[in-house]
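*Asks:* Guided by the hints, dock chain B onto chain A, whose structure is given.
Residue numbers (numbering that gives the first Met the number 0), protein chains in the order written: chain A, 0 to 359; chain B, 0 to 74.
No false leads were slipped in.
To give an idea of the chain B side of the interface with chain A (calculated C-beta under 10 Å), a few residues: (1) ARG34; (2) VAL40; (3) VAL46; (4) GLY50; (5) PRO60.
What the hints contain is simulated information worked out from the structure, not anything from laboratory work. Note that CB positions come from ideal geometry on N, CA and C, so glycine has one too.
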Amino acid sequence: MAHGEPVAQDAACVVDVAHHSTRHIPVGMGPEGIAVDPGRRRAFVSCSRSNAVTAVDLDQGMKLWQAPVGREPIPLIFDEPTRRLFTTDARSDTVTVLDADTGRQLTQVGVGEYPAGLGYDPGLRRVFSGDTAAGTITAVDVDTMTAVGTVPAELGAGSMAIDTVRGRGYCANFMAASLTVFDPATLRPLGRIPAREGPCKVAINRVTGDLYVAYSLDGLVARISLETGAVTGEFPVQQAPVGLWASPDGRWVYVCNRGAGTISVLDARSGEESHRITVGNGPGDCVTEAAGRLLVSNAGSGTLTIVDRPWLPGAPPPEAHPAAGKPLPEFALPDMRTGRIRTTREWAERKYVINFFASW
Amino acid sequence: MWESVNARAEASNFAAIWSMDGTVLLDETGEYAARLGIRGVPTNVLVDSRGIVRGVGLTAPDELNAAVDALLADD
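Pulled out of the complex, with its shape left as it was, chain A reads as follows:
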């Protein structure tokens, strides 16, 4: 029996051994970061273009509330002891703190310029803001909701992962092709790891003791041993990997391919891609919830996708893009600078490249 296919249809029972995207829940404009409250079976999604956080009931698959935060919230952390949510608001230069049960805003904490990343150490009772334009890391105490210090990083400081076992923090410096290593307790910088261009996201597999780095410009994920600091592999995924999550059992690493609308599922033992999951447009972040389902935020669709049994393969993807080999559909679109409508006729009999981008 091949993966992703049921047994013969005239059998006494049908065994489904595939993953399934079971829900696509509208949550707001430009959803990015996701956090989970396992006790109350809720997910929280930061909606960057709505300037808000949306709470979702994971069992009913419906929105519970939406609360305003600062401008362009990207990552999101849930602190269970205080039952608070922390977002970094990239265009407000703030961390907004919400009551996770009601959405009531508790405070906003000033951090460095364009905070686009967030790390979390529950034992130290801190979150860490990656201040991308400032090139710094700001530590915020989650109990007092105050900034307690900064760590110098480099330009593009953003995504963060905290190794609570070894007491080290890792910050990806997107514009500096490096990772900053720091002590999350003393806020001392400990060193710098040279990286490829454009390290976009970092995540830790606590079971295997590995740090994963997603390189959105190169379409690959690197694995680094937390014990030795050695790069132990680089694994191709699809276009623009910007999100990473290691399953709690350490067995799988899920990669959000923003440029392809898919999740690459990496086998943590080999590092190789096991299979892909088709989700919404422009996926940016993913996490697993207590039952093992994968939650994916789709910035281009404005949805949260829920995937059952994501560790199982599904139907194989098509070999070629459906548009390849076919005539380009005609367009009539306004020029950004002049407002004049431009059509495909202007480029007839020419060879050209159309780049689709969103200004995130």
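*Replies:* Leaving out everything else, chain B in the frame of chain A:
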């Protein structure tokens, strides 16, 4: 595309930051991208002189360079 709010202003700002001097068209609703089956960004679409789509995706620099070279070499 997928900008949802203040698309022209956001795209203009982005183009200025990254020194994008070429033609920029606005697909504010994402409808044209949907017609092409574009599901993520960034995505490159290569079109030959007959108006046929020759490649979709191609975001890694080496991949894009090879595809453009092949397109230019094709008569």
